[in-house]
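Protein chains: 4
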Amino acid sequence: MRNSSEERENTSKHLTRLESFSDGVFAIAITLLVLEVIQMLHSDGRAGLGQLLLGHWKSILVFFMGFLTILICWINHQLVVSYAEKADSNFFWVNGFVLLVVTFTPFPTAILAEYLETEKHLAMAVFGFNYFMMSVAAYSLTAYIYNRLSSKENNELLLCYKLIYKYTIVYTFLVFLVCFFAVPVAIFLYALLFIVFAFPKDFASKLLNRRIKRRSRKHVPMHAD
Amino acid sequence: MRNSSEERENTSKHLTRLESFSDGVFAIAITLLVLEVIQMLHSDGRAGLGQLLLGHWKSILVFFMGFLTILICWINHQLVVSYAEKADSNFFWVNGFVLLVVTFTPFPTAILAEYLETEKHLAMAVFGFNYFMMSVAAYSLTAYIYNRLSSKENNELLLCYKLIYKYTIVYTFLVFLVCFFAVPVAIFLYALLFIVFAFPKDFASKLLNRRIKRRSRKHVPMHAD
Amino acid sequence: MRNSSEERENTSKHLTRLESFSDGVFAIAITLLVLEVIQMLHSDGRAGLGQLLLGHWKSILVFFMGFLTILICWINHQLVVSYAEKADSNFFWVNGFVLLVVTFTPFPTAILAEYLETEKHLAMAVFGFNYFMMSVAAYSLTAYIYNRLSSKENNELLLCYKLIYKYTIVYTFLVFLVCFFAVPVAIFLYALLFIVFAFPKDFASKLLNRRIKRRSRKHVPMHAD
Amino acid sequence: MRNSSEERENTSKHLTRLESFSDGVFAIAITLLVLEVIQMLHSDGRAGLGQLLLGHWKSILVFFMGFLTILICWINHQLVVSYAEKADSNFFWVNGFVLLVVTFTPFPTAILAEYLETEKHLAMAVFGFNYFMMSVAAYSLTAYIYNRLSSKENNELLLCYKLIYKYTIVYTFLVFLVCFFAVPVAIFLYALLFIVFAFPKDFASKLLNRRIKRRSRKHVPMHAD
Numbered sequence: 219m220r221n222s223s224e225e226r227e228n229t230s231k232h233l234t235r236l237e238s239f240s241d242g243v244f245a246i247a248i249t250l251l252v253l254e255v256i257q258m259l260h261s262d263g264r265a266g267l268g269q270l271l272l273g274h275w276k277s278i279l280v281f282f283m284g285f286l287t288i289l290i291c292w293i294n295h296q297l298v299v300s301y302a303e304k305a306d307s308n309f310f311w312v313n314g315f316v317l318l319v320v321t322f323t324p325f326p327t328a329i330l331a332e333y334l335e336t337e338k339h340l341a342m343a344v345f346g347f348n349y350f351m352m353s354v355a356a357y358s359l360t361a362y363i364y365n366r367l368s369s370k371e372n373n374e375l376l377l378c379y380k381l382i383y384k385y386t387i388v389y390t391f392l393v394f395l396v397c398f399f400a401v402p403v404a405i406f407l408y409a410l411l412f413i414v415f416a417f418p419k420d421f422a423s424k425l426l427n428r429r430i431k432r433r434s435r436k437h438v439p440m441h442a443d
Numbered sequence: 219m220r221n222s223s224e225e226r227e228n229t230s231k232h233l234t235r236l237e238s239f240s241d242g243v244f245a246i247a248i249t250l251l252v253l254e255v256i257q258m259l260h261s262d263g264r265a266g267l268g269q270l271l272l273g274h275w276k277s278i279l280v281f282f283m284g285f286l287t288i289l290i291c292w293i294n295h296q297l298v299v300s301y302a303e304k305a306d307s308n309f310f311w312v313n314g315f316v317l318l319v320v321t322f323t324p325f326p327t328a329i330l331a332e333y334l335e336t337e338k339h340l341a342m343a344v345f346g347f348n349y350f351m352m353s354v355a356a357y358s359l360t361a362y363i364y365n366r367l368s369s370k371e372n373n374e375l376l377l378c379y380k381l382i383y384k385y386t387i388v389y390t391f392l393v394f395l396v397c398f399f400a401v402p403v404a405i406f407l408y409a410l411l412f413i414v415f416a417f418p419k420d421f422a423s424k425l426l427n428r429r430i431k432r433r434s435r436k437h438v439p440m441h442a443d
Numbered sequence: 219m220r221n222s223s224e225e226r227e228n229t230s231k232h233l234t235r236l237e238s239f240s241d242g243v244f245a246i247a248i249t250l251l252v253l254e255v256i257q258m259l260h261s262d263g264r265a266g267l268g269q270l271l272l273g274h275w276k277s278i279l280v281f282f283m284g285f286l287t288i289l290i291c292w293i294n295h296q297l298v299v300s301y302a303e304k305a306d307s308n309f310f311w312v313n314g315f316v317l318l319v320v321t322f323t324p325f326p327t328a329i330l331a332e333y334l335e336t337e338k339h340l341a342m343a344v345f346g347f348n349y350f351m352m353s354v355a356a357y358s359l360t361a362y363i364y365n366r367l368s369s370k371e372n373n374e375l376l377l378c379y380k381l382i383y384k385y386t387i388v389y390t391f392l393v394f395l396v397c398f399f400a401v402p403v404a405i406f407l408y409a410l411l412f413i414v415f416a417f418p419k420d421f422a423s424k425l426l427n428r429r430i431k432r433r434s435r436k437h438v439p440m441h442a443d
Numbered sequence: 219m220r221n222s223s224e225e226r227e228n229t230s231k232h233l234t235r236l237e238s239f240s241d242g243v244f245a246i247a248i249t250l251l252v253l254e255v256i257q258m259l260h261s262d263g264r265a266g267l268g269q270l271l272l273g274h275w276k277s278i279l280v281f282f283m284g285f286l287t288i289l290i291c292w293i294n295h296q297l298v299v300s301y302a303e304k305a306d307s308n309f310f311w312v313n314g315f316v317l318l319v320v321t322f323t324p325f326p327t328a329i330l331a332e333y334l335e336t337e338k339h340l341a342m343a344v345f346g347f348n349y350f351m352m353s354v355a356a357y358s359l360t361a362y363i364y365n366r367l368s369s370k371e372n373n374e375l376l377l378c379y380k381l382i383y384k385y386t387i388v389y390t391f392l393v394f395l396v397c398f399f400a401v402p403v404a405i406f407l408y409a410l411l412f413i414v415f416a417f418p419k420d421f422a423s424k425l426l427n428r429r430i431k432r433r434s435r436k437h438v439p440m441h442a443d
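Chains as they are written, first to last, in my numbering: chain A, 219 to 443; chain B, 219 to 443; chain C, 219 to 443; chain D, 219 to 443.
FYI, nobody ran anything at the bench for these hints, they're computed from the structure.
The model shown is predicted, which means the values in this text are computed figures rather than measured ones.
Keep in mind that the hints are not guaranteed to be accurate.
Each pair may be met inside one copy or between any two copies, as identical chains are not told apart.
Subject to a maximum C-alpha distance of 35 Å in a straight line, what follows is the list of computed DSBU-like cross-link-like pairs (lysine-lysine) [what the hints assert, rightly or not]:
#, residue 1, residue 2
1, K276, K431
2, K231, K431
3, K276, K384
4, K419, K231
5, K338, K384
6, K231, K370
Only chain A is shown next, with the shape it has when bound in the complex:
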C-alpha cells in the first residue's frame, strides 16, 4: 500500500497535469479562431484586399468576441482551480465538461461570423446557448471544488464565485431567449456579463465584503449558510 506522503505527492502531480492539459486546450481553442478569419482569404477568390477587409469586418469583430470569450473563461478557470488542493476521478470529468464547452466554442463563433447577416437571430442564439453551457460548466467546476477539493478555512471567496456563477446560469438562459427577438439587446447584455467576469476576483471580493457586513450586523457566524 502507498503511504500517505507518497499519495499526497502523487495527488499534486494529478493536479499539475490537469492544469497543464487544460492550459493546452484553452491555448489551442483561442488560437484556432484565427483559422476562420484566414479562411475568408481563400473563399473569396481574387477580390481586392481593401474590399475583402471591408466586406469581412464582421468576421474580424466576431474573432475578437471569440477571443475575449475564451480568455475570460481561462481567467476564471485558473482562478477557481487555484483553490483545489487535490484532484479526484470526478474532478477530471467536471473539468472535462468545461474543456468540452471551450473546445466547442470555435464552432458557434464560426457560425456567428458566417450567418450574422443572413440569419442573425438563430446564429446569435447558437452563440448564446454556448454562453449558457459555459456558465453551467463554470458553476459545476466551482461547486465541485468548493464542496470536495478545497480546505474549509480558505474558501470564503470561492463561495462567492459559486454564487456568482449560479446567478449567471439564470442570466445567460434569459439572454439566450432574448437572442431570438432582439440581437442588439442580447449583445448589450453579454457585454455587461463580460465586464463582471473580466475581473472576477474584484467583483467577488466586493460581494464578500457586503456579505460580511450584513452578517456582522445580524451577529451570525461566518459559515452558517
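Fit chains B, C and D to the known structure of chain A by using the hints.
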C-alpha cells in the same frame, strides 16, 4: 561521470518533459476535432443555418464521441504515468506509440462523421480498429511502467490496471468484428467500455479488493502471482 | 481568511499558469503558419512540384518572416515576464492583449503571402500595423510589470526594456506610414528592428551601462528618473 | 543589481520556459500532420471509403514517417537540452533554429504525400533536404550546449552526441544527393539513420565506452581532445 544525485534529478526532468509533451499532444488532438465540425459550414455552400444544424447532427454527435475518446485516453494516461518513477529510452517509444494512436484518432473520427450514413459498417470498423490499437497501446504503457519504472511497494493498483487493459485488448478486438455486422450493438458495447474507463481508479480499486479478499482466503502472500 | 504564506504560494501558481498558457499560445501561433504554406499545395491543382516551389518562393519567405516575428515576440515576452514576482487581475488582461496580437499574427502574414504581388502597399501596411500593435502590447506589458509586479531593487534593466519598447511604438508607427509608399524601405527598417529585438538583453545592457556612466558623471542617484 | 542567487533562479526559469515552449511546438507539429490525412477525405468528393483508404495508403504511410521524424527529433532534443544548466540569448536562437525546422516539417511531409507518385525524385529530395537541415540544427544545438551551457564534469556523453550529429550532417547530405537518383535506396539509408536516433543514449554510450577503452590503451587523460 555523473554522480547519482545529478542523474536522478535529470531523470525526473525527462519524466516532466515527457508528461508536458504528452499533455500537449492530447490537448491538440482533442481540440482539432472541432475543425471537422467547422468544415461542414464551408462545404455546404449557402444552406440555411437551421437546415445545416439538423442535417449534420450526426457530425456533432461524432465530435462528442471523439472528444470523449481522447479525454478518457488522457485520464488513463496521466493515471498510469503517475506511477513511473523514472524515464528511460524505451519508455519514450512506448509512450510515443500511445501518442501515435491519439494523434491519429481525429482521422477515424472524421471518417465516421463522413461515412456514417453511406458505409456505416466499414466506417465503424475503422473507428473500432482505432479503439483496439488504443487498448494495445494502453496495455503496453502500463506493462512497461509496471515491469520497469515503478517501485514494487506501490504498484498493487497498477497491476490491476495492467490486467484490465489486457482484457480490454480482447474485448475491443471482438467488438471490432461486431462492427462489420451490427453497428448499434457495437456502439452499445463501446458505451459499456466507456463507463469502465471513465473511472479507471474506482474500477481498479474494486478489482484489487476482490483479489485481496480471495488471496487472504487462500492464505497466499500478496506478490505471489 | 487566507494567511499570507498560502496567498503567496497561490500567487506563484497564477504566474506559472499564465506562463504555461502564454507558451501554449505562442507555440500554436508559430506552428499554424505552416498551414498557410501547405494550403498552396492544394490550391494549385496539379501543377508540377518544381514549378509550384518556384512560383511560391514568396509564400515560403513570408512564412520565415512570420516565424521570426513570433519567435522574437516570445523571446521578449519570456524575458520581461521573468521580472514579474506576482500576478494580479489586470496582469491577465495586459498579457491577454499581447496574446491577442500574437494570435492574430497568422492573419496579416497570410495576407502578405497572398497579396504581396498584386497589392503590395496595402498588404505590407496591414502587416506593419500588426508590428505597431505588437510594440504597443510589449510596452504595456513591460510598463505594467515595472510599475506593479517587480521589486524595485532588481529592475534597472527592466526600465531599459520599457524605454526601448516606448521608442519602438514611435518607430513602428513611422515605418507603418512608410509601407504605403516604399515597401523595400519598410522591409529594410523592419530588418533593423529585428536585429535589436533578437538580442534584447544585450541591447538593454548596453543602454543601461551608458545611463550609469552618464549618471555617475552628473553625480545623481540611480532611481532618480 | 541582481544578486547571484536571484540571477540563478531566473536563469532556471528561462530554461523551463524554453523547454515548455519547445514541447508545445513539437506537440503541435506532430499533431498537425493528421490534418493532411483528413484533407484527402474532402478532396476526393464522394468516393467509396474502401477505395479511398486503398488509394491513399501512401499518404497514411507518409503520415507515419512524418510522425516518426518529429518524435525522434523530440527525443533527441529533450536528451540534449537536459545537459543545459542555464539559458542565454544565443541559446534562444540556436533552439529557435531547431524549432523552425520542426515547424516546417509538415510541409515537406505534405509534399511527399502529394507528389510521391508523380515526381518521386524531387519530392523525396525536398523531404531529404529537411533531414539535412534537421541534423545541422541538432549539431548546432548540441555544440552550443557542450561549449557554453553545460558543466565540464558531466558532459562526456554530450561530446559523443556532438560527434554523432556531426557525422550525421555529412550522412544526410550524401543521402539527399541519392534521393535524386534512387528513392528506395534513400529510404533504406534513412531507415538506418532512424535506428541510430531512436535510441541515441544507448548508441552514444557504446561510442563513449569505445573511446574510453582506446584512450586507456594509449594512456592519455580523458579530456585531452
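task = Return the numbers of the hints above that this structure violates; sort them in rising order.
result = Hint 1 is the one this structure does not satisfy, whereas the remaining hints hold.
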